[in-house]
Amino acid sequence: MHQGSDEKREHGPDPAQFVEEVVRDYPAKVARKRLRHIVPVSPDGQCEIQANVRTIPGIITQRGCCYAGCKGVVIGPIADMVHIVHGPIGCSYYTWMTRRNQAKPREDGQYYLDYCFSTDMQEDAIVFGGEKKLKAAIREAHEIFRPKAISIHATCPAGLIGDDVVRVGDEMSKELGIPVFGFACEGYKGVSQSAGHHIANNGLFKHVVGRKDIPPDGYAVNMLGEYNIGGDAWEIERILNRCGISILSTFSGNGSFDEIARSHTANLNIIQCHRSINYMAEMMETKFGVPWLKGNFIGIKATSKTLWKIARFFEDPALTQRIEAVIMEEEAQAGVEIAPYRGRLAGKTVALFVGGSRAHHYQDLFKDLGMKVIAAGYEFAHRDDYEGRDVLPFLKVDADSQNIEELKVDKDPERYRPRIDDEKRKRLMAEGVISTYGGMMPEMDKGAVVIDDISHHELEKLIERFKPDLICSGIKDKYVIEKWGIPSKQLHNYDYGGPYAGYLGAVNFARDIDMRVNGPAWGFITPPWKKKPILEAAFGAAA
Amino acid sequence: MNRELEHATSTTNACKLCKPMGACLAFRGIEGAVPFLHGSQGCATYMRRYIISHFNEPMDIASSSLGEKHAIYGGGPNFRLGVKNVTEKYRPSLIGVATTCLTETIGDDVAGFVGEIRKKAGRVDGGPSIVHVLTPSYGGTHMEGFHAAVRATVEQLAEGGERGDRINMLPGFVSPADIRYLKEVLADFGAEATILPDLSDTLDGPALREYRKLPAGGTSIREIRSMGGSRATIEFGRTLEAHRTAGAFLAERFQVPNHRIGLPVGIRETDRFFAVIEDLSGRPTPERHAAERGRLVDSLVDGHKYIFGLRAVVYGEEDLVAGIVSSLAEFGVRPVLCASGGESGLLAGAVHALTEGLVDEPPIVRQGADFFDIGEEAEDLSPDIIIGHSKGYHLARRLGIPLLRVGFPIHDRIGGQRIVHLGYRGAQWLFDSLVNTVIAGRQASSPVGYGYY
Chain A
4 MHQGSDEKRE
14 HGPDPAQFVE
24 EVVRDYPAKV
34 ARKRLRHIVP
44 VSPDGQCEIQ
54 ANVRTIPGII
64 TQRGCCYAGC
74 KGVVIGPIAD
84 MVHIVHGPIG
94 CSYYTWMTRR
104 NQAKPREDGQ
114 YYLDYCFSTD
124 MQEDAIVFGG
134 EKKLKAAIRE
144 AHEIFRPKAI
154 SIHATCPAGL
164 IGDDVVRVGD
174 EMSKELGIPV
184 FGFACEGYKG
194 VSQSAGHHIA
204 NNGLFKHVVG
214 RKDIPPDGYA
224 VNMLGEYNIG
234 GDAWEIERIL
244 NRCGISILST
254 FSGNGSFDEI
264 ARSHTANLNI
274 IQCHRSINYM
284 AEMMETKFGV
294 PWLKGNFIGI
304 KATSKTLWKI
314 ARFFEDPALT
324 QRIEAVIMEE
334 EAQAGVEIAP
344 YRGRLAGKTV
354 ALFVGGSRAH
364 HYQDLFKDLG
374 MKVIAAGYEF
384 AHRDDYEGRD
394 VLPFLKVDAD
404 SQNIEELKVD
414 KDPERYRPRI
424 DDEKRKRLMA
434 EGVISTYGGM
444 MPEMDKGAVV
454 IDDISHHELE
464 KLIERFKPDL
474 ICSGIKDKYV
484 IEKWGIPSKQ
494 LHNYDYGGPY
504 AGYLGAVNFA
514 RDIDMRVNGP
524 AWGFITPPWK
534 KKPILEAAFG
544 AAA
Chain B
15 MNRELEHATS
25 TTNACKLCKP
35 MGACLAFRGI
45 EGAVPFLHGS
55 QGCATYMRRY
65 IISHFNEPMD
75 IASSSLGEKH
85 AIYGGGPNFR
95 LGVKNVTEKY
105 RPSLIGVATT
115 CLTETIGDDV
125 AGFVGEIRKK
135 AGRVDGGPSI
145 VHVLTPSYGG
155 THMEGFHAAV
165 RATVEQLAEG
175 GERGDRINML
185 PGFVSPADIR
195 YLKEVLADFG
205 AEATILPDLS
215 DTLDGPALRE
225 YRKLPAGGTS
235 IREIRSMGGS
245 RATIEFGRTL
255 EAHRTAGAFL
265 AERFQVPNHR
275 IGLPVGIRET
285 DRFFAVIEDL
295 SGRPTPERHA
305 AERGRLVDSL
315 VDGHKYIFGL
325 RAVVYGEEDL
335 VAGIVSSLAE
345 FGVRPVLCAS
355 GGESGLLAGA
365 VHALTEGLVD
375 EPPIVRQGAD
385 FFDIGEEAED
395 LSPDIIIGHS
405 KGYHLARRLG
415 IPLLRVGFPI
425 HDRIGGQRIV
435 HLGYRGAQWL
445 FDSLVNTVIA
455 GRQASSPVGY
465 GYY
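Those sequence lines, one after another, are chains A and B.
For the first sequence, the numbering used here gives the first residue as 4, with consecutive numbering after it.
For the second sequence, the numbering used here gives the first residue as 15, with consecutive numbering after it.
Note that these hints are calculated values from the structure, not bench results.
Even glycine gets a Cβ: it sits at the ideal position worked out from N, Cα and C.
Watch out, some of these pointers could steer you wrong.
[Said to hold, decoys possible] Computed cross-link-like contacts, DSS-like style, restricted to lysine-lysine with a CA-CA straight-line distance of at most 27 angstroms:
hint, chain 1, residue 1, chain 2, residue 2
1, A, Lys32, B, Lys134
2, A, Lys411, B, Lys83
3, B, Lys197, A, Lys32
4, B, Lys227, A, Lys32
5, B, Lys98, A, Lys36
6, B, Lys98, A, Lys534
7, B, Lys227, A, Lys533
8, A, Lys36, B, Lys227
9, B, Lys83, A, Lys32
10, A, Lys36, B, Lys83
[To be verified] Here's a subset of chain A near chain B, in silico, CB distances under 10 angstroms, partners left out:
hint, residue
11, Cys69
12, Thr122
13, Phe131
14, Glu189
15, Ser195
16, Phe317
17, Pro320
18, Ala321
19, Thr323
20, Val394
21, Leu398
22, Val400
23, His459
24, Asp480
25, Tyr482
One chain only, chain A, in its complex shape (with noise of 0.2 angstroms):
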């Protein structure tokens, strides 16, 4: 039904062609710089890609600030604190559960995820200070809720007129007697979100990881990165559990402040978003001694490879043969559910532009469907999410990250406990299992396009020049694709769909897509009084 795939899928256009086209309308500053943002997969796979660099002012972009990386991803979702966010009423409002991470209450109750907490600046606060308010709204939660701890948030003016959220924090902590940390996580820090990803890490890691001693029993992971949109969380843990391996915590999707208390005691760290928490597993491996492994749990043969690793990891007979037996049923229902879908969208291009880690996971998604991915990119993604943590050592700190603290972290003398000798670590990791990620490139197929934080200029020459059957984004750039009459899916809240991880959550995506791809609408784009010229000059012209 849709525009005429099968012809140029066989004569798509020449990527480096493309390429030059993309930025020849750009002023020739403009195309330099973007010139090094945009790179054609090669035969070898090894690509050097610009990234994590400043967006260009005016050009439309689809990321956000620190403090959305901060409050809003990783920080937010830990629904057993009260979050406040220090600033104008707008940058809470814009947070208040609107990344769809979800999250169920525990025994004790404690639940504030519908809650959005602002001091709500005003004009005497800028001139005057803020802290003072601050203060009293922090002792106000705590008078209503009496929650277990709490978060404080900066914004762009509470950081301008000097207010030191971190001070605060440690002042109210010893004043309540309960944990409160101010996350300096003001918008204008970073070139992205992806600041605010770290400042999080970092204050997580300091105030409230090793906070209880509580070992788990048995095989006890951690997931991290992994933010429960859709209910993702809970499909990777009915598979987890079903091996036999319980989560003690995740960060942060349906995550705890308890919980993540006692992480440091896990047994393994599972990555599942790179970009956002990778700071989280060496800080934690560095101190606690808790190795981790980079899995991916979007995608049938993904997420089979996933428990793979982790087989591997514990190198535990009875476990492994669990985890055999799980992926052969899983994947054999799986497989069976998502046939008829896979029979429509087989051999249909696609394009994802989204997020520091769902541009990579969802084209294993998208293999098992027989789908071809034609172009790629994150958002806010760093070379390393692109060419793998090879690259790390050679990566300039340029001025923008540095002002972005790195902690030191030294071994815990007391509770450092290596989970694996140091033999079988060399061979797990020359093997890959852990400590590794190859990043998204070499994964992808030679001629397929990186676009690195993408703008709608190119978004849009990208669709003039390669017309995908789907593109994958988010809501900002979604309704723009379908204008287009291109079907677009939204990869940060799932178009409200969901959960898309694990083996069900496969099948749940196999529907969505069909549907967005093959569904009625798009026949009724061309109304009948439009398409009738066109054939008579057909017409006209064979005759």
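For chain A, the structure is supplied; the task is to place chain B on it using the hints.
Coordinates of chain B only, in the frame set by chain A:
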């Protein structure tokens, strides 16, 4: 009746959005305009996200993407570069610049920046008009931002000239469907009108095969320029700051008579609106609108038995709240609590004027309220229904009563942009929706279940 709350320190679940967002919405209703936020890029991203979740339409907002360095040394260079890039990429007819907390706090002189750009460009190169408005979020709600942007647009673009026959229509922040309705009414009166802003197409466009960077529709710059020569202005809003509106400016600067009336929501407010157009056009209300009013009143007679005496909580933007409350009073529903995050100081007076004589007990009016306050108060009032935007969902869920969605933002139902709130048609929609919501509730909770109601 106007109980000023013992104000809690923290705003918990706000009932207002931020000022620059309102400005961006207003600019979106100008033909070929690109809203531009001078500040951190997160502002543009969040506001776009929010606006899009209501309208399900593209909404571009450019940003000067300031970082830490600019917060210290000023955002001038980024601003100029941003304007240049938007100009080259979009070829807009207008760039609507709104400031943010960041740039207001560091004291960037946006008027100065704009002046420089204007001077450099002159009029010759056909570059975009630039309108700027100061909208720090710590100085008002999204509604103040919206009205300030409309005022700034008129202030910076409107010219005088020979008095023409046109009418300026300043509707405030209403839905695209509302604007389409207004156009229909004005056309039926044979009145030529400039509606500013006009979101009817720009935020509710058709499905296409080829995207247009700048959506079709919106008030044209040419029309805005000639607003100083119109014969009259009609401006909606009982809670506007009288001397700071666009209508007030046009009256003062160009002596265009300003007719400020309430948002025409409900029967009497719409009657007033029609009276003004009758006056201005010299024509009687066209038959089809008279008939619409007649059918509305007839339906009230038919349906009042379902909702008479019902107790309602209403919240949202002040003028919309006033209009809805007025309608409810006409329907025989008892508004028990009217709340808004806005703080014009005028809501209580408006509600009082609009309910007087129709309700036994005037409703409690709370300005500067958040959903924590509204929830606390509502629990004591045992309401039957809540009317407002999507943010009241949690309250409705907690109280176990229905929420009828009106206004903005609506992100848990489809079609917020197609709701007609205004006129007899809007009142009809409200009445029918209200009655049907109540009937559906009774059917669902009935132990027997009736198919006739």
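So, going through the hints one by one against the coordinates:
Restraint check for Lys32/A and Lys134/B: satisfied, since their Cα atoms lie roughly 21 angstroms apart, inside the 27 angstroms limit. The straight-line distance between the Cα atoms of Lys411/A and Lys83/B is roughly 25 angstroms, inside the 27 angstroms bound, and the hint therefore holds. A threshold of 27 angstroms between alpha carbons decides the hint, and for Lys197/B with Lys32/A the separation of about 45 angstroms lies outside it, so the pair is violated. Among the hinted pairs, Lys227/B with Lys32/A is consistent with the structure: their alpha-carbon atoms are about 23 angstroms apart, no more than 27 angstroms.
For the hint pairing Lys98/B with Lys36/A, the CA-to-CA distance comes to about 16 angstroms; that is within 27 angstroms, so the pair holds. For the proposed pair Lys98/B and Lys534/A, the alpha carbon gap of about 39 angstroms is over 27 angstroms, so the pair is violated. Of the supplied pair hints, the one linking Lys227/B and Lys533/A holds, its CA atoms being roughly 22 angstroms apart against a limit of 27 angstroms. Note on Lys36/A and Lys227/B: the hinted pairing holds, with a Cα-Cα distance of about 23 angstroms set against a maximum of 27 angstroms.
For the suggested pair Lys83/B and Lys32/A, the alpha carbons sit about 21 angstroms apart, so the restraint of at most 27 angstroms is met. For a cut-off of 27 angstroms, the pair hint linking Lys36/A to Lys83/B stands: about 20 angstroms separates their Cα positions. At its closest, the beta carbon of Cys69/A sits 7 angstroms from a beta carbon of chain B; the interface hint therefore holds under the 10 angstroms criterion. Checking Thr122/A against chain B: minimum C-beta separation of about 6 angstroms stays under 10 angstroms; hint holds.
With a least beta-carbon distance of about 12 angstroms to chain B, the hint placing Phe131/A at the interface is violated under the 10 angstroms criterion. Taking 10 angstroms as the C-beta contact cut-off toward chain B, the hint placing Glu189/A at the interface holds, the least distance being around 8 angstroms. Satisfaction of the interface hint for Ser195/A is found here, the shortest Cβ-Cβ separation to chain B being roughly 8 angstroms, below the 10 angstroms cut-off. Here the hint on Phe317/A is broken, as its CB sits about 41 angstroms from the closest CB of chain B, past 10 angstroms.
The beta carbon of Pro320/A is not positioned within 10 angstroms of any beta carbon in chain B (closest approach about 49 angstroms), and the interface hint is therefore violated. Violation of the interface hint for Ala321/A is found here, the shortest Cβ-Cβ separation to chain B being roughly 45 angstroms, above the 10 angstroms cut-off. For Thr323/A, the interface hint is violated, the least distance from its beta-carbon to any beta-carbon of chain B being 44 angstroms, above 10 angstroms. At its closest, the beta carbon of Val394/A sits 24 angstroms from a beta carbon of chain B; the interface hint therefore is violated under the 10 angstroms criterion.
Because the beta carbon of Leu398/A sits about 19 angstroms from the nearest beta carbon in chain B, more than 10 angstroms, this interface hint is broken. A least Cβ separation of about 14 angstroms between Val400/A and chain B goes past the 10 angstroms threshold, and the interface hint is therefore violated. Satisfaction of the interface hint for His459/A is found here, the shortest Cβ-Cβ separation to chain B being roughly 7 angstroms, below the 10 angstroms cut-off. With a cut of 10 angstroms, the hint placing Asp480/A at the interface with chain B holds, because the nearest CB-to-CB distance is about 8 angstroms.
Because the beta carbon of Tyr482/A sits about 5 angstroms from the nearest beta carbon in chain B, less than 10 angstroms, this interface hint is met.
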